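Enquirer: Read off the chains here:
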Amino acid sequence: MPVIEARNLELTFQTNDGPVHALKDVNLSIEKGDFVSFIGPSGCGKTTFLRCMAALEHPTGGEITVNGVSPEEARQARAYGYVFQAAGLYPWRTIAGNIKLPLEIMGFSKAEQEKRVKDVLQLVDLEGFGGKYPWQLSGGMQQRASIARALGFDADILLMDEPFGALDEIVRDHLNEQLLALWARTEKTIGFVTHSIPEAVYLSTRIVVMSPRPGRITDVIESPLPKERPLEIRDTPEFIEIAHRVREGLRAGHLDE
Amino acid sequence: MMRTFWAVLVVVAAIVLFWYAAAVPMNIKTALTQAEREGAVISPEGAAARRDMSAIALALANPGQWGDTLVQDKPRLPTPDQVAVELWQTSGAMVLKGRAFSKRSLLFHGWVTLSATLLGFGIGTVLGVVLAVGIVHSRVMDMSVMPWAIVSQTIPIIALAPMIIVVLYSVGVQGIIPKAIISAYLSFFPVVVGMVKGLRSPDSMQLDLLRTYNASTSQGFWKLRLPSSLPYLFASLKVAIAASLVGAIVGELPTGAVSGLGARLLAGSYYGQTIQIWSALFAAAILAALLVGILGMIERLLLRRMGVLA
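Chains A and B, in that order, give the protein sequences. Per the working numbering, the first sequence starts with residue 1, numbered consecutively. Per the working numbering, the second sequence starts with residue 1001, numbered consecutively.
Excised from the complex, chain B in its bound form:
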């Protein structure tokens, strides 16, 4: 246990170290220009001479300016500590000040995105399960729905999202619903695929056994197919909830939304606030990890209750 802990820690430390190392050449040009303006001696002299040089060569030629690359206001690549400080200041620190849900708080933006994510995930899951049940029980649906479900996922969501929002806006639907629908669009697919596989997982012997009892189709569904499908369903749900989050963020991009993690990303890129972009990205990643983790806990609890897990 301890060994694993240290090994994981070493991997994380290596990633962080690599990140810092990358920040030096990424930010070196601005740092050199700034330092030269303040009177430092830079080699080679003059921004024009440095324009076409590689960032790594510049960094190697000016080790004295490395420190400057890690503390810029608008770096190309913010450092881990800059992102961490920004994350804290826009979440924990604001909670301490009692302004957890101010417009500057990532918690506020995270909640806006999360609510759309959860609604979309709910719609996508229900839709996915219903379609899977239909596909498994009806040959016509198997042949007609499945190809469309697959095709639907080949269209880039970034191209489709603005149309969904515009169409819904024109019929008076706005706010959380369009984002949730984009979320659902992304999340129903893994549920369909996993659920179809799960509902078909009982082998022919299991199905024969039910035949010998002269069981009806619905008895077969409730007593055999549905319980058999649960492990598959949960694997799919974990993929689906991450896709839902992506969908909700993408849904915030084309509308010029003012709240939500997507809006935060967009505002950050408008104003060159790279630190803000990265902290929004990390907020999204943390949110996704939390959601997947919660699903994993529900899965374990449920399977244990069912007696499948020891």
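So here's chain A without its partners, still in its complex pose:
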């Protein structure tokens, strides 16, 4: 059974300028352990699609299931962790306190909270920073803390909406490397929205290319790259070929208009 399955998914926003087709005829199934990237120009519905999986948006047509149930039920079962573009840490809580936030809400015991905070801080390479406040950390470290916060309650699905979009190239490379390591260790299913072609190709087992007006999927590319991916893999011919195909897909989406 696929972890996430969308059939003829459709979402239309009613605006003053008439209906906007954010998603139309979207079909996709994501298997357990997949790392799926969504790439496309702004307005292509990649974020909207991710938000539909998280039950933060409600489709106006078609069907979508998460773990075999509706996204709303999956949300209530706390089936996924969500990472936003901004870290959004509470400035009045320490890093440990921020990671505890979902754990407190979900009613974990104090001892369990401490243990999990310790575990996920190690997972995102932030040991020793638990007692710091967010303003004492760099942007990249804050984003890692927000990933740790999403990992703390150990949901099987991790949904990430341009989590590294606001960071510079070098920090981004480093975080991408860490994210792959983390994914290999935790074997989570990851949905990852990005507008960077190298990022999408480097991270993903599958790349979903989308295009706007109406927001739709134009291509789904299975990556032949091995699971083990050093940063240098980006200079190999295979990598460059996939990146080329993604670029072609994006261009084709634009030519339709």
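Rather than coming from a laboratory, the hints here were simulated on the basis of the structure. If you're wondering where the values come from, they're calculated on a predicted model, not measured in any experiment. Please note that a few of the clues may not be correct.
[To be verified] Pulled from the structure, derived: some chain A residues nowhere near chain B, Cβ distances all over 10 angstroms:
| no. | residue |
| --- | --- |
| 1 | 106 |
| 2 | 122 |
| 3 | 154 |
| 4 | 168 |
[What the hints assert, rightly or not] Pairs of lysine-lysine, DSS-like flavour, derived with a Cα cap of 25 angstroms:
| no. | chain 1 | residue 1 | chain 2 | residue 2 |
| --- | --- | --- | --- | --- |
| 5 | A | 118 | A | 132 |
| 6 | A | 227 | A | 24 |
| 7 | B | 1103 | B | 1074 |
| 8 | A | 118 | B | 1223 |
| 9 | A | 132 | B | 1223 |
| 10 | A | 115 | B | 1103 |
| 11 | A | 110 | B | 1223 |
| 12 | B | 1197 | B | 1223 |
| 13 | B | 1197 | B | 1238 |
[What the hints assert, rightly or not] Label-pair distances were calculated between CB atoms; the ranges are:
| no. | chain 1 | residue 1 | chain 2 | residue 2 | range |
| --- | --- | --- | --- | --- | --- |
| 14 | B | 1300 | A | 241 | 31 to 39 angstroms |
| 15 | A | 222 | B | 1300 | 53 to 61 angstroms |
| 16 | B | 1174 | A | 58 | 56 to 64 angstroms |
| 17 | A | 251 | B | 1300 | 19 to 27 angstroms |
| 18 | A | 58 | B | 1146 | 26 to 34 angstroms |
| 19 | A | 222 | B | 1219 | 36 to 44 angstroms |
| 20 | A | 58 | B | 1235 | 32 to 40 angstroms |
| 21 | A | 107 | B | 1235 | 31 to 39 angstroms |
| 22 | A | 107 | B | 1137 | 21 to 29 angstroms |
Ideal Cβ positions, reconstructed from N, Cα and C, are used throughout, including at glycine.
We have chain A; now place chain B onto it with these hints.
Expert: What follows is chain B alone, placed relative to chain A:
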């Protein structure tokens, strides 16, 4: 740091100087009448001739009498030193004599007003926070309470205060309570406005994040909305406590109260004791500054404890 200190000092000195300069023309007519009666030569002669002349022209024509304008018993405008001496004699000096809470002491009157202020501020703050929580969580309250809260502040308190006091008196409530209620009436409003803004300050991403945790409304309130609102709350509290003080003083005016800074103001104006009026005004201003300052300290301590301030 030193530069700022001197700049502030220069501004204060300029204000004091302007005040002295203003006292001369303000008090010149009485000073001239008095001097003429004692045999001095004044130009022009005779009170009748001077009646319609401007105070500034009179002051310029009689520089010899300037000194007299600054030392009168019942001047139109008392000088800074007269007010300062009166303030000291009715506060510090009385403490030294061991009569800090005699009926002539500003400390006594200040305390009477302060107690009503604090009670009213407490009631107003609790009411304001409760209303804001309701407004943020209930659309019905948002649409029904907020307009009334705004309308309530358009009625001049000086018109409403006597009615509140009379109505409460008729049901047997008097003393500190009616004054506190007028204080609360003035102070709940800034708290409502600031608190509504503060409780709504978390952005949609923050709220979405809590949705992904399937957090309840009350968890969202305690963990996100309330902590986010604190900076807004404190800004409002500073406005509210000053308004509370005004409310308590206004509450003392229409009742013919015998104690409190408002009563002091009223008694001063009955007997033409301008120095007493001004010292009561300054006592009120100092009290307000102290209260706002204390709130500012609590705010800094709390925000630092929360880790928001470095």
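Enquirer: The structure should be examined with respect to each hint, and the outcome stated for every one.
Expert: For each hint, the structure was consulted:
| no. | hint | verdict |
| --- | --- | --- |
| 1 | 106 | 7 angstroms, violated |
| 2 | 122 | 22 angstroms, holds |
| 3 | 154 | 13 angstroms, holds |
| 4 | 168 | 21 angstroms, holds |
| 5 | A/118 <-> A/132 | 14 angstroms, holds |
| 6 | A/227 <-> A/24 | 32 angstroms, violated |
| 7 | B/1103 <-> B/1074 | 21 angstroms, holds |
| 8 | A/118 <-> B/1223 | 22 angstroms, holds |
| 9 | A/132 <-> B/1223 | 19 angstroms, holds |
| 10 | A/115 <-> B/1103 | 65 angstroms, violated |
| 11 | A/110 <-> B/1223 | 17 angstroms, holds |
| 12 | B/1197 <-> B/1223 | 17 angstroms, holds |
| 13 | B/1197 <-> B/1238 | 16 angstroms, holds |
| 14 | B/1300 <-> A/241: 31 to 39 angstroms | 60 angstroms, violated |
| 15 | A/222 <-> B/1300: 53 to 61 angstroms | 58 angstroms, holds |
| 16 | B/1174 <-> A/58: 56 to 64 angstroms | 59 angstroms, holds |
| 17 | A/251 <-> B/1300: 19 to 27 angstroms | 56 angstroms, violated |
| 18 | A/58 <-> B/1146: 26 to 34 angstroms | 30 angstroms, holds |
| 19 | A/222 <-> B/1219: 36 to 44 angstroms | 41 angstroms, holds |
| 20 | A/58 <-> B/1235: 32 to 40 angstroms | 37 angstroms, holds |
| 21 | A/107 <-> B/1235: 31 to 39 angstroms | 35 angstroms, holds |
| 22 | A/107 <-> B/1137: 21 to 29 angstroms | 22 angstroms, holds |
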